[in-house]
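Enquirer: With the sequences and hints as input, model every part of the structure.
These protein sequence lines are chains A and B, in that order. All letters in the first sequence, in the order written, are residues 1 to 117 by the working numbering. All letters in the second sequence, in the order written, are residues 1 to 117 by the working numbering.
A hint or two may mislead.
Keeping only pairs whose Cα atoms sit at most 25 Å apart, straight-line, the calculated DMTMM-like set for lysine to aspartate or glutamate is [to be verified]:
(1) A:K109 to B:E14
(2) B:K109 to A:D41
(3) B:K56 to B:D41
(4) A:K109 to B:D41
(5) B:K106 to A:E92
(6) B:K106 to B:E89
(7) A:K103 to B:E14
(8) A:K106 to B:E89
(9) A:K109 to A:D41
(10) A:K109 to B:E19
(11) B:K56 to B:E92
(12) A:K106 to B:E14
(13) A:K103 to B:D91
(14) B:K103 to B:D27
(15) A:K103 to A:E80
(16) A:K103 to A:D41
(17) A:K106 to B:D41
(18) A:K103 to A:E114
(19) B:K103 to B:E68
(20) B:K93 to B:E14
(21) B:K56 to B:D112
(22) B:K103 to A:E114
With the C-beta cut set under 8 Å, the calculated list includes, among others, these residues of chain B facing chain A [stated by the list, open to error]:
(23) I16
(24) L18
(25) E19
(26) Y23
(27) L25
(28) A26
(29) D27
(30) V29
(31) L44
(32) C46
(33) A105
What the hints contain is simulated information worked out from the structure, not anything from laboratory work. Bear in mind the structure is a predicted one, so any value in this text is a computation, not a measurement. Think of the CB as a built atom: it goes at the ideal place given N, C-alpha and C, for glycine as much as any other residue.
So the chains spell out like this:
There are 2 protein chains.
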Amino acid sequence: MVGVQRPFLHPPAETIRLESILYALADPVRLEIVRRLISGDCPLNCSTAAPSHLPKSTQSHHFQVLREAGLIQSERRGTEVVNSLRIHEIDEKFPGVVAAILKAAKPLKCPDTERAN
Amino acid sequence: MVGVQRPFLHPPAETIRLESILYALADPVRLEIVRRLISGDCPLNCSTAAPSHLPKSTQSHHFQVLREAGLIQSERRGTEVVNSLRIHEIDEKFPGVVAAILKAAKPLKCPDTERAN
DNA sequence: ACGGAAGTTCAATATTATTGAACTATTGAA
DNA sequence: TTCAATAGTTCAATAATATTGAACTTCCGT
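Expert: Below is the structure:
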């Protein structure tokens, strides 16, 4: 037994730091995840939100960074984990920041986003 | 002789990437540098723009990151290097991003910004 | 010329990211 | 009620980055 499944930790809005938000969004994969979460405006599970060519352990790591930065809410739903943006809380603390970033962000070039014929 | 002094490289506007901008601003020291560059709206030398408690090699590294991200312009002026924000170019490529971030950014807590009595 | 000031470069160390492999937890079917 | 599949986590090993002391360069004033 290598490890038990710990519950997700979400920082309260008060402790969310701008630097952590920027750091989380500075990674192309995480930016793409957030893009997908905002486009489809319903919660997405991890494999749907993340670029599918990445190893699961890498995906999991990126979700952890997003969660600990305060950008996303994750909830276990049976065997999957559904993720949603904490967009209202963040926009209240840092008005316009995430909106401007997502507006400027181009889709990540990866197998998922290449033309599906 | 350990190394010659290379000229500064500034990426052309076309190749500036959003991720690099965010990455550069995700560091508290670099965010503070950019804050100072925009407040005083004239170019500042490195030691003035950077928190003074940091080693010079660390300061130099942070300016390099900001430069290579395309956030700042650096120019040698005699013995010093003066730095200015490439704010117009960046705002044209990524409208509102840097403005929103700087608006949300609090001054870094460091000896420089603590109350000068 | 020399000393100081401002910053760079290098190299060593420390921190952080990536990912394969083993694992947990839940579900649906036999 | 076991069983296999699905979805994701955790750990550990390795790779990539950041931090910074020390030596160096360049320019300026005297």
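Enquirer: Each hint needs a verdict: does it hold in this structure or not?
Expert: Against the structure, the hints:
{"no.": "1", "hint": "A:K109 to B:E14", "result": "18 Å, holds"}
{"no.": "2", "hint": "B:K109 to A:D41", "result": "37 Å, violated"}
{"no.": "3", "hint": "B:K56 to B:D41", "result": "23 Å, holds"}
{"no.": "4", "hint": "A:K109 to B:D41", "result": "37 Å, violated"}
{"no.": "5", "hint": "B:K106 to A:E92", "result": "15 Å, holds"}
{"no.": "6", "hint": "B:K106 to B:E89", "result": "24 Å, holds"}
{"no.": "7", "hint": "A:K103 to B:E14", "result": "18 Å, holds"}
{"no.": "8", "hint": "A:K106 to B:E89", "result": "18 Å, holds"}
{"no.": "9", "hint": "A:K109 to A:D41", "result": "21 Å, holds"}
{"no.": "10", "hint": "A:K109 to B:E19", "result": "14 Å, holds"}
{"no.": "11", "hint": "B:K56 to B:E92", "result": "32 Å, violated"}
{"no.": "12", "hint": "A:K106 to B:E14", "result": "14 Å, holds"}
{"no.": "13", "hint": "A:K103 to B:D91", "result": "13 Å, holds"}
{"no.": "14", "hint": "B:K103 to B:D27", "result": "16 Å, holds"}
{"no.": "15", "hint": "A:K103 to A:E80", "result": "29 Å, violated"}
{"no.": "16", "hint": "A:K103 to A:D41", "result": "15 Å, holds"}
{"no.": "17", "hint": "A:K106 to B:D41", "result": "31 Å, violated"}
{"no.": "18", "hint": "A:K103 to A:E114", "result": "20 Å, holds"}
{"no.": "19", "hint": "B:K103 to B:E68", "result": "23 Å, holds"}
{"no.": "20", "hint": "B:K93 to B:E14", "result": "8 Å, holds"}
{"no.": "21", "hint": "B:K56 to B:D112", "result": "15 Å, holds"}
{"no.": "22", "hint": "B:K103 to A:E114", "result": "36 Å, violated"}
{"no.": "23", "hint": "I16", "result": "11 Å, violated"}
{"no.": "24", "hint": "L18", "result": "5 Å, holds"}
{"no.": "25", "hint": "E19", "result": "5 Å, holds"}
{"no.": "26", "hint": "Y23", "result": "4 Å, holds"}
{"no.": "27", "hint": "L25", "result": "5 Å, holds"}
{"no.": "28", "hint": "A26", "result": "4 Å, holds"}
{"no.": "29", "hint": "D27", "result": "7 Å, holds"}
{"no.": "30", "hint": "V29", "result": "10 Å, violated"}
{"no.": "31", "hint": "L44", "result": "21 Å, violated"}
{"no.": "32", "hint": "C46", "result": "21 Å, violated"}
{"no.": "33", "hint": "A105", "result": "6 Å, holds"}
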